[in-house]
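Sequential numbering of the sequence shown, starting at 2, is according to this note's numbering.
Worth double-checking, as some hints may not be accurate.
[As the list claims (entries may be wrong)] Cross-link-like lysine-lysine pairs, in silico, DSSO-like; alpha carbons within 30 Å at most:
| id | residue 1 | residue 2 |
| --- | --- | --- |
| 1 | Lys48 | Lys60 |
| 2 | Lys74 | Lys60 |
| 3 | Lys48 | Lys74 |
| 4 | Lys48 | Lys98 |
| 5 | Lys60 | Lys98 |
| 6 | Lys98 | Lys74 |
[Said to hold, decoys possible] Simulated restraints, written as ranges between beta carbons of each label pair:
| id | residue 1 | residue 2 | range |
| --- | --- | --- | --- |
| 7 | Gln82 | Pro104 | 17 to 27 Å |
| 8 | Phe65 | Pro153 | 38 to 48 Å |
| 9 | Ala71 | Gly105 | 12 to 22 Å |
| 10 | Pro49 | Gln82 | 28 to 38 Å |
| 11 | Ala56 | Ser110 | 10 to 20 Å |
| 12 | Ser67 | Arg117 | 19 to 29 Å |
| 13 | Pro153 | Leu81 | 29 to 39 Å |
If you are wondering where the hints come from, they were derived from the structure by calculation, not from laboratory data. Backbone N, C-alpha and C define an ideal beta-carbon position, used for all residues, glycine too.
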Amino acid sequence: MKIIPVLLLSAAAIALGGCESGPRFPSAVRERISPTYRTHVATAEQKPVYEAARAALRKMNFTFTSGGPAQGKIEALGALQAGDGAGSARQISLSVKLAPAIPGGTEISALFSEIREDAFSKREGMGTSTAMHDTPLYEVFFRHIDEALAQPAE
2 MKIIPVLLLS AAAIALGGCE SGPRFPSAVR ERISPTYRTH VATAEQKPVY
52 EAARAALRKM NFTFTSGGPA QGKIEALGAL QAGDGAGSAR QISLSVKLAP
102 AIPGGTEISA LFSEIREDAF SKREGMGTST AMHDTPLYEV FFRHIDEALA
152 QPAE
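Please build the complete structure, drawing on both the sequences and the hints.
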């Protein structure tokens, strides 16, 4: 009976030992499970920030998919971009969380992710989502929110 756990442990050690990602492996797994959101604080209450975020989405050609000011969240998708061949289409998704900031105002937490069609899986409509950390989309999104909040209310 003790031989099975030993074999499983050995197989796991061999599999992880040959992994090329090395010391980045634990952080890569952690990032997949709980990705890091980029934050920005706006000096306004949550409802106006929500409306400004929706305006920013329109400027960036994202389509609102779900959320609301009372929920304090927004989900949106960018346009579908066809790739060079089969299984290479991609799309950008955005997840936004709104919460009261400690010094006042609203904390905006945003996460852009790239969704790639996965030809390897051979499952129709399925893709692989990867968080995007080094993209200027965060700065553009936050700048559009600040600009919308700076405009006088109509």
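Right, here's what the structure says about each hint:
Distance hint between Lys48 and Lys60 is fulfilled; the C-alpha atoms sit about 19 Å from each other, no more than 30 Å. Between Lys74 and Lys60 the CA atoms are separated by roughly 18 Å; this keeps the pair inside 30 Å, and the hint holds. With a C-alpha separation of about 11 Å, the suggested pair Lys48 and Lys74 falls inside the 30 Å cut-off, and the hint holds. For the hint pairing Lys48 with Lys98, the CA-to-CA distance comes to about 12 Å; that is within 30 Å, so the pair holds.
With a C-alpha separation of about 19 Å, the suggested pairing of Lys60 with Lys98 holds against the 30 Å cut-off. Among the hinted pairs, Lys98 with Lys74 is consistent with the structure: their alpha-carbon atoms are about 4 Å apart, no more than 30 Å. Separated by about 39 Å at the C-beta atoms, Gln82 and Pro104 break the suggested range of 17 to 27 Å. For Phe65 paired with Pro153, a C-beta distance near 24 Å fails the hint of 38 to 48 Å.
Taking 12 to 22 Å as the suggested C-beta distance range, the pair Ala71 and Gly105 conforms, at roughly 20 Å. Remark: the range hint 28 to 38 Å for Pro49 to Gln82 is upheld by a beta-carbon distance near 32 Å. In this structure the supplied range 10 to 20 Å holds for Ala56 paired with Ser110, their Cβ-Cβ distance being about 18 Å. Range check, Ser67 to Arg117: Cβ separation about 22 Å, and the 19 to 29 Å hint holds.
Taking the beta carbon of each, Pro153 and Leu81 are about 36 Å apart, inside 29 to 39 Å as hinted.
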